[in-house]
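So the sequence lines, in the order shown, correspond to chains A and B.
Residue numbers for the first sequence, in this note's numbering: 13 to 222.
Residue numbers for the second sequence, in this note's numbering: 13 to 222.
Careful: at least some of the hints might be erroneous.
Identical copies carry no separate label here, and so any pair may be met within one copy or between two of them.
[Claimed, not checked] Distance condition first, Cα-Cα at most 30 Å in a straight line; then the derived DSSO-like pairs of lysine-lysine:
{"id": "1", "residue 1": "K24", "residue 2": "K119"}
{"id": "2", "residue 1": "K121", "residue 2": "K95"}
{"id": "3", "residue 1": "K17", "residue 2": "K44"}
{"id": "4", "residue 1": "K121", "residue 2": "K59"}
{"id": "5", "residue 1": "K121", "residue 2": "K100"}
{"id": "6", "residue 1": "K116", "residue 2": "K74"}
{"id": "7", "residue 1": "K59", "residue 2": "K119"}
{"id": "8", "residue 1": "K161", "residue 2": "K121"}
{"id": "9", "residue 1": "K17", "residue 2": "K116"}
{"id": "10", "residue 1": "K74", "residue 2": "K121"}
{"id": "11", "residue 1": "K17", "residue 2": "K59"}
{"id": "12", "residue 1": "K44", "residue 2": "K165"}
{"id": "13", "residue 1": "K24", "residue 2": "K59"}
{"id": "14", "residue 1": "K116", "residue 2": "K95"}
{"id": "15", "residue 1": "K100", "residue 2": "K116"}
{"id": "16", "residue 1": "K119", "residue 2": "K74"}
{"id": "17", "residue 1": "K24", "residue 2": "K121"}
{"id": "18", "residue 1": "K121", "residue 2": "K65"}
Since the hints were derived computationally from the structure, they do not count as laboratory data.
Computed from a predicted structure; not experimentally measured.
Each chain, written out:
Protein chains: 2
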Amino acid sequence: MYLKKPMEIEYKSMDIIEAELGEHDFSPMELKVVERTIHTTGDFDYKNIVSIKSGAIEEGIKAIKGGCRIVTDTTMAFSGINKRALEKLNCTVECFIGHEEIFKNAKLKGITRSMASMDYAARSQVDIFVIGNAPTALYRIGELINENKVAPKLIIGVPVGFVGAAESKEYIRGFDVPSITTIGTKGGSNVAASIVNALIYMASDGNRDE
Amino acid sequence: MYLKKPMEIEYKSMDIIEAELGEHDFSPMELKVVERTIHTTGDFDYKNIVSIKSGAIEEGIKAIKGGCRIVTDTTMAFSGINKRALEKLNCTVECFIGHEEIFKNAKLKGITRSMASMDYAARSQVDIFVIGNAPTALYRIGELINENKVAPKLIIGVPVGFVGAAESKEYIRGFDVPSITTIGTKGGSNVAASIVNALIYMASDGNRDE
C-alpha cells in the first residue's frame with residue numbers, strides 16, 4: 013500500500029520536512045520557500061544555503077499578483093513551473109534557449125546560448141528572472157542591469173555546479189535587486205522552479221490549482 | 013571574466029568533480045554516471061547514494077545504441093534529456109503526464125497521473141523508464157512487471173522526497189531488472205535526466221552533439 017493522492021502526498025511531505033527541520037529563524041513566508049526547495053531535492057542542506065534578500069518574497073508575490081513576465085534559462089525550469097496556476101494569475105513564462113535565433117546569436121557573438129537568451133529576453137521588460145543552470149546567464153543579467161537594459165523586480169538565481177556557479181550567485185547578491193539565491197555549488201533548474209512555485213502558491217492565497 | 017564556452021565549462025566541471033571525489037570503487041562507466049549526477053546537483057553525496065545494479069549501464073547503452081523507446085514520468089525529466097543526441101541514435105523519448113487522457117484516467121481510477129501515465133505508456137513496449145519524481149510511478153512499474161504487461165531493459169528510478177520515495181526505490185531494486193536508483197530521499201527529475209544523458213554520451217562514443 014502506498015499513498016496515491018498527490019495533495020495528500022505533498023501535505024504529508026511538508027509536515028515531515030517541517031518536523032525534521034528543527035529550529036530556524038525563517039519567517040512563515042521564507043519557510044514556504046525553503047520547504048519547497050527541500051521538498052524538490054530531498055536535501056535538508058537547503059535549510060542552510062537558501063539566501064533570501066530582504067523583500068524578495070514580498071516583491072515576487074506582488075509581481076505575480078499583478079500579472080508579470082517571467083523568463084527562465086532552461087526548458088527544465090520552464091517545465092517545472094506550475095503554468096496552470098500561473099495562467100490564473102495572468103502571468104506568462106518564457107524560455108528562449110531552444111530558439112533558432114538564440115543558436116545563431118550565440119555562435120555569432122561567441123557567447124553561451126544562455127547569455128544570448130538573456131539578451132533576447134531583455135528586449136522587453138522582464139519582471140522575474142529564473143536561472144537554474146547557467147552562471148553565464150546570471151552574469152549577463154548583472155551586465156544588463158548595469159547597462160540599464162533591464163530592471164527585474166526579482167531574480168531567482170540558483171545555478172548549480174563547480175565552475176562559476178557560486179561566484180555568479182555571490183555577484184548577483186551584490187546588486188540592489190531583490191533576489192533568492194543559494195550559497196555554494198548546489199542549486200538547479202528543479203530548485204529554481206520550486207522557488208517560483210512557492211511564490212505562485214502564496215500569491216494564489218491557497219486557491220491552488222492541481 | 014568568466015568562462016563562456018559550454019563544453020569548456022563542462023570539462024572543467026568534470027575535472028573538478030573527479031579531483032574532489034577522492035577514492036572510490038567505481039568502474040570508468042559507473043564514474044561517468046555518478047559524476048553527471050554530481051554535476052547536475054552540485055552535491056557530492058551522490059557519490060554515496062547512487063546504486064547501479066550490475067549490468068544496468070551496459071544494458072542501457074546497448075538499448076540506446078539499438079534505438080529504443082524511453083518514457084519519463086515528468087516533463088522536467090523529458091526536458092533535461094539531450095534529445096538532439098538521442099535522435100541521432102534513433103531513440104525516442106515520451107512523457108504522457110500532461111495528456112488529456114491521463115487526467116481522465118487518473119480521475120476515473122482514483123490514482124495519480126504518474127500511475128495513469130505508466131499504464132498508458134505500457135500499451136507498447138517501454139525499453140527504459142526514467143522516473144525522477146513520482147514514487148507512485150515506480151510502484152506502478154513494479155506492478156506492471158509483475159502482471160507481465162511490461163518488460164523494461166532498464167529502470168532509472170530516482171524519485172525524490174519524504175513520502176515513499178526511498179521505499180519505492182528499494183522496491184524496484186528488489187526486481188530482477190537492471191536499475192539505476194538512489195538510496196534515501198534524494199533524487200529528482202534533473203538527476204534522472206542526467207543519468208540518461210550520461211548513458212547517451214557513452215553510447216555516442218564521444219561523438220556528442222552540442
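Hints, verified against the model:
no.	hint	result
1	K24 <-> K119	between (47 Å within a copy, 21 Å between copies)
2	K121 <-> K95	between (32 Å within a copy, 25 Å between copies)
3	K17 <-> K44	within (21 Å within a copy, 36 Å between copies)
4	K121 <-> K59	neither (39 Å within a copy, 38 Å between copies)
5	K121 <-> K100	between (38 Å within a copy, 27 Å between copies)
6	K116 <-> K74	neither (36 Å within a copy, 34 Å between copies)
7	K59 <-> K119	neither (39 Å within a copy, 35 Å between copies)
8	K161 <-> K121	within (18 Å within a copy, 51 Å between copies)
9	K17 <-> K116	between (45 Å within a copy, 15 Å between copies)
10	K74 <-> K121	neither (36 Å within a copy, 39 Å between copies)
11	K17 <-> K59	within (27 Å within a copy, 32 Å between copies)
12	K44 <-> K165	within (20 Å within a copy, 40 Å between copies)
13	K24 <-> K59	both (19 Å within a copy, 28 Å between copies)
14	K116 <-> K95	both (29 Å within a copy, 19 Å between copies)
15	K100 <-> K116	between (34 Å within a copy, 21 Å between copies)
16	K119 <-> K74	neither (37 Å within a copy, 34 Å between copies)
17	K24 <-> K121	between (49 Å within a copy, 22 Å between copies)
18	K121 <-> K65	neither (33 Å within a copy, 45 Å between copies)
Violated hints for the displayed structure, listed by number in ascending order: 4, 6, 7, 10, 16, 18.
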